[in-house]
Every structure is written in C-alpha cells, then in structure tokens.
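Residue numbers (our numbering), protein chains in the order written: chain A, 1 to 260; chain B, 1001 to 1344.
Read the hints as simulated data drawn from the structure, not as lab findings.
It cannot be assumed that every hint is accurate.
Claimed, not checked - Derived DEER-like restraints, expressed as beta-carbon distance ranges:
| id | chain 1 | residue 1 | chain 2 | residue 2 | range |
| --- | --- | --- | --- | --- | --- |
| 1 | B | ALA1172 | A | ASP62 | 53 to 61 Å |
| 2 | A | GLU234 | B | ALA1172 | 40 to 48 Å |
| 3 | B | GLY1045 | A | ALA156 | 50 to 58 Å |
Unchecked claim - Far from chain A by the CB rule (all over 10 Å, computed), these chain B residues:
| id | residue |
| --- | --- |
| 4 | VAL1005 |
| 5 | ILE1008 |
| 6 | TRP1046 |
| 7 | PRO1051 |
| 8 | GLN1066 |
| 9 | ALA1130 |
| 10 | ALA1141 |
| 11 | GLN1179 |
| 12 | VAL1192 |
| 13 | TYR1221 |
| 14 | VAL1242 |
| 15 | ALA1247 |
| 16 | ARG1279 |
| 17 | ILE1307 |
| 18 | GLY1336 |
Claimed, not checked - Only part of the chain A face toward chain B is listed, based on derived beta-carbon distances under 8 Å:
| id | residue |
| --- | --- |
| 19 | PRO85 |
| 20 | ALA137 |
| 21 | TYR173 |
| 22 | VAL177 |
Note that the structure is predicted; figures quoted are calculated from it, not measured.
For glycine and all other residues, C-beta sits at the position ideal for the given N, C-alpha and C.
Here is what each chain is made of, one letter per residue.
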Amino acid sequence: MTTLNIHDMSVSVNGHDLVHEVSFSLSVGEWLCIIGPNGAGKSTLLKAIAGITASTGDMYIDNHDLRRFNERERACWIAYVPQEPILPAGMRVFDYVLLGRTAHLNLLASESPKDVDITNIVISELALDEFRDRDVATLSGGERQRVTIARALAQASPIILLDEPTTALDVGYQQEVLELIDRLRREQKIAVVTTMHDLTVSGLYPDRLMLLSHGQVVSNGPASEVLTVDNISEYYGAQVQIIGNNGRPIVVPIRTIQDS
Amino acid sequence: MAATVKRISATTLVVCFVAAIVTIILAVCVGAVSVPASDVLHSIGWHLKLPFMARTAGTNDIIIWQLRLPRVILAFVVGSMLASAGATYQGTFRNPLADPYLLGVSAGAGLGATFAIVSGKHISHTLIPAASFVGAMGAVALTYTLGRSGVAGRMSASLVLAGVAVANLLTAIQTLIQQQHNDKIREVYSWVLGTLNTTGWNDVRLVAPYIGLSTFMLYRYRRVLDVFSVGDDEATTLGLPVERVRAIVIIAATLGTSAAVSVTGLIGFVGIIVPHILRLLVGNSYRALIPLSIVAGGIFLVCADLIARTVLAPAEIPIGIVTALIGAPFFLYILGSRRIRTSV
C-alpha cells in the first residue's frame, strides 16, 4: 500500500516560518483535509508537497525519497490542482486533460495512442464527453473544477493535492465535486489531500482533519475531535455552536451582538 | 466519439509547401526586369544540376541566380526564423506581446553593428554581421544572467524585466556612440531599419546553418510549448523541467535570431504579427503554430520584400517599414473579420 510520509516539513520565507514542522502520513484511499484560518499556511503546505515551494524536512513515498526526484518523477507520484488553475483560452478540454500525461512522455516525444486512450477514459469517467471539444475558458465553475480534476487523474499518480476544490462553487456543485473526489479515491485507490475553508463541509467527506494555525499543526484527527467550540474559538476567533454529534459536526456561527 | 490529438493534416502541409514554392518563384520573376517563370525554373534546376534543365540565357540567369534568388531565399529563412522565434517566446513567457527581440537581441545587435560601422573607414561587410551577432548573443546572455537571479518562481517575469533594462542600457550606449559620429548616422540608421540587399549567396550561406538548427530545435519543442500555457507552477507539477526547457528554447531562438539580424538588420513586426494571424486562423496550439510560423513567416517576408523593392523602384523602401505598413492593416482586418465571424 502506497503511503506518503511527511516529517518535520517547514517552509521559511525571509526567516519567517509559513509552515513549521508539520508531520503526517497518508495512505492511498484516504482523504486528509487541511483547515485553518486565512494565512495559516494551508496552501503553502500543499505547494511545498507539490514541489513548487522550497521546504525543509523529509518527504517519502514508501521508501522513495521525494527530494531526490526530478520534476517528471515527482509528477508520476503527485498531482496538484491549485486554487485558481490557469485554463488557457482556446484550448480544448481534451487537450487540457491530455496535459496530464506530460510526466509520462519524453520531452520531445508525442503522445502515444495509450495516452490518448487514458485521456478519453478519464473524460468519460467524469462525464465530460459532451465538453470534449469545448474551449476550457468558456466552462462554468463546476465544469472547470471537473476538468482540472480530470487532468490530475490523467496524470495517474497515487497522490492528488487539491487546493480549495470547492471554493467559489454553489452548494450543488460543491456536493457534486466532493462526491466525485470521494468516489474516485475509494475506487481508484488515491490518497487525497485538500485544503478547505468551509468547516462543516470539511467534516463531511474527508477521513481526517488537520487544523493549522500560524503554520503549525494544532489539532489533528477525525472531524468530531477537531471541530470543537474551543478549537474554533481559539484559532479562528469565532463564536460557534456545534450541532449533531454523529461524527459529522455541523458548525453554526452565533451572532454575538444583541438586537437593540 | 473519442477525440484524438489534433495535428497538422497532410493537406495543410502540402498546401503550405506549394504556397512557399510558388511565392518564391513569383518573387524571383518580379522586379526591375521581369523574367518568365519558366526561366526561373530552368535556371534553378540547372544550377541544382537537376536533369532536363536547360541553361537560361546570360542576363536572365544572372538576374535569377546571382541577384534575386539569394535575396528571396534570405527573406524566406529570416522571416521563418523571426516568426517561429516570436511564437516560441509568446509561449514560454505566456506573453502575447513577446517578440524575438524580447530579451535584448535587437539592442545588442544594434550596438555591435554601430561599433563596427563607426570603427571602420568604409563599411565592412564581414565585420558588421560578426559584430552584431556577438552583440545580440551577448545581450541575451547578460539578460539571462541578470534575470535568473530574480525572485524564485517568478523567473519568467524577471527575465522580461531584465530584458527591458538591458535593451535600454545598450540602446543608450549605442545612441551615445552614434551622436559622437555624426557622419555615420545615415549608415547606422539604414542598418536599424533593416535591409535584404544582399551580397549574393554569401549571406544565405552565413546564416542558413544557424537558422536551420534553430528552427529545427523550436519545431522539436512544439508540444512542450503547449504545457507552458498553464503557467510555470502547474507546468512543473505536470512534470516539465520548466527552467531547463526555457533555457534551451531561449538559446535556440537567440542563435537563429542573432544570425538573422546580423545580415538583415532589425526587421520588426514579423515575430508578432505572423504568429498572431495564425492564432486567429488555427488556434493557440504550438503543435500547429510553430510549423505554420516557419512557412508563413517566410512567405510574409518574401512578399514584404517584393513590395519594398518594386513599389518605388528603383528606390527601395526599408523592409521594416513595409512589414509594419502591410502587416498592421492586414492584422487588423483579420482581427475584425474573425470577431464578426465568432459573434454571428
């Protein structure tokens, strides 16, 4: 079973720690969600794991040292979807998803029929067939998110990092995207790391939550242990009420000023 | 139905090849003295030692083989180079305004040529190309060294900024030298405006190897240029060694562009306009843009040169002015008709 091991990962910019000694491990089929207030270092941590932000600490997948990998080898293990992916105007959905095959190609080679097949399978899998020839820049929010996830799947890496996959989506699309991720990670044995800022939603699908504050892990575990009135008050500075305690807590903000 | 990778069709390739040949032959026919196309074919065929080709009569053969054909071929290869380098830079820098001179090639070549012009008593036809080639390569090397040390992860932006700074610095030095040598201003000026007035096959022989190698490299990297379209960060996580590939295509483009400007001076606009006209016609994928830029850039510059040497004959209009004068309206026309088509 493929397992990602992060140990004492730190990201420092100008002597200021954005991420400080974060450690966790995650196996395929699992979903870890990183939460925390704005500026806690969620996106930075994801970028560090993806290899586009310099960091210190150990990163292993099983016994492979990720730090010894070049871009291409790393991309075969880890796929990354940023919070605001760049969808180049004029590019077809098919060609965009096909970009996911980059890591499997020699620099000067063209895509093989196998790459084309994998791309077509992923497109069908995510019910994007009718969009195949559409310009990616013309897609709606929910469609865009599905297309970027499709690209990550075409990359065929066992670990997928998704930065705020549901931000800017309406509740219906949120549900659609989250259920898609949940199904894929179970069916295709993928380890998923997401960041999220909607606390209730973060408790719904992921197996585990990791609460970051000022770059440090301050709480880690199942939703019912992390999403507590005390944690949210201390690290978010918010007054909330937690409803429902069947392991899926619902976080409800409380109005703190009195009606006059 | 499942989709496949879009590649240039065989038909398009044949059409392009035929268009290029026809343009070259027609451009050789037209001039102060018109020569029939059959003479052009025979003359070229005879010199290339093809079978069944009769030697063309004296004057026409000299006009065709010694005067016009070298110039037309030079225009074609330089146009190919500028257009494909422009498309490549637009891709790697994700900047629609990028042209082959983005990193300081023009300013470096200008400074080199000015040095050569003011230092000699009479204009040397070997010294100017050598000096401008060295100047162009040196300028890009300086830009790259300075731009690379910029903020990590923002290299493409810092390279462009370093290019602007280097170009301004070198242009200032060039202007200074020029002002101190008033008598040579005319020569510097005519070099800056670009000219395809060649010395026969020598110039072609001089630049063809560089341009050939350079365009071949850019052609090989055409698929990878599409990966750049999602930005440096995402391209990295897709498995592309972004900085290494960018360095390779910059070196390739600089080599060919420097060679081109060293014999023709600064011909502007080709590197911007040809790729953008093609974008409007065939889309943004570099798999199509690079090969089509090579062909269309060549055809464009041959046509521009034809206008430059015939409209005011026997006088010549500087080629750089023609590329802008016919290029800009044509570009605007394509832009306009395209907009109408997509809005319907």
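Looking at ALA1141 (chain B) again, its CB stays over 10 Å from all of chain A?
holds (24 Å)
Status of ILE1008 (chain B), Cβ more than 10 Å from any chain A Cβ
Check passes; 12 Å lies beyond 10 Å.
Does VAL177 (chain A) pass the interface hint, meaning its C-beta sits closer than 8 Å to a C-beta of chain B?
For VAL177 (chain A), the interface hint is violated, since the closest Cβ of chain B sits about 19 Å away, which is over 8 Å.
Residue hint TYR173 (chain A), partner chain B, criterion CB-CB below 8 Å:
This hint is violated: TYR173 (chain A) lies away from chain B, its Cβ roughly 22 Å from the closest one there, beyond 8 Å.
Beyond 10 Å from every Cβ of chain A: is that where the Cβ of TYR1221 (chain B) lies?
violated (7 Å)
Less than 8 Å between beta-carbons is the criterion; does ALA137 (chain A) satisfy it with respect to chain B?
Hint violated; ALA137 (chain A) Cβ to chain B Cβ min 10 Å, cut 8 Å.
May I ask you to check that TRP1046 (chain B) keeps its beta-carbon over 10 Å from the closest beta-carbon of chain A?
holds (39 Å)
Hint check for ALA156 (chain A) and GLY1045 (chain B) - Cβ pair distance inside 50 to 58 Å:
54 Å Cβ-Cβ, so the 50 to 58 Å window holds.
Since GLY1336 (chain B) was said not to touch the interface, does its Cβ keep a gap of more than 10 Å from each Cβ of chain A?
Per Cβ check, GLY1336 (chain B) is outside 10 Å of chain A; nearest 18 Å; holds.
Confirm or reject: ILE1307 (chain B) is not an interface residue toward chain A, with every Cβ-Cβ distance exceeding 10 Å.
holds (31 Å)
Beyond 10 Å from every Cβ of chain A: is that where the Cβ of ARG1279 (chain B) lies?
violated (8 Å)
Return holds or violated for the Cβ distance of ALA1172 (chain B) and ASP62 (chain A) against the range 53 to 61 Å.
holds (58 Å)
Comparing the model with each numbered hint stated earlier shows that hints 2, 4, 13, 14, 16, 20, 21, 22 do not hold.
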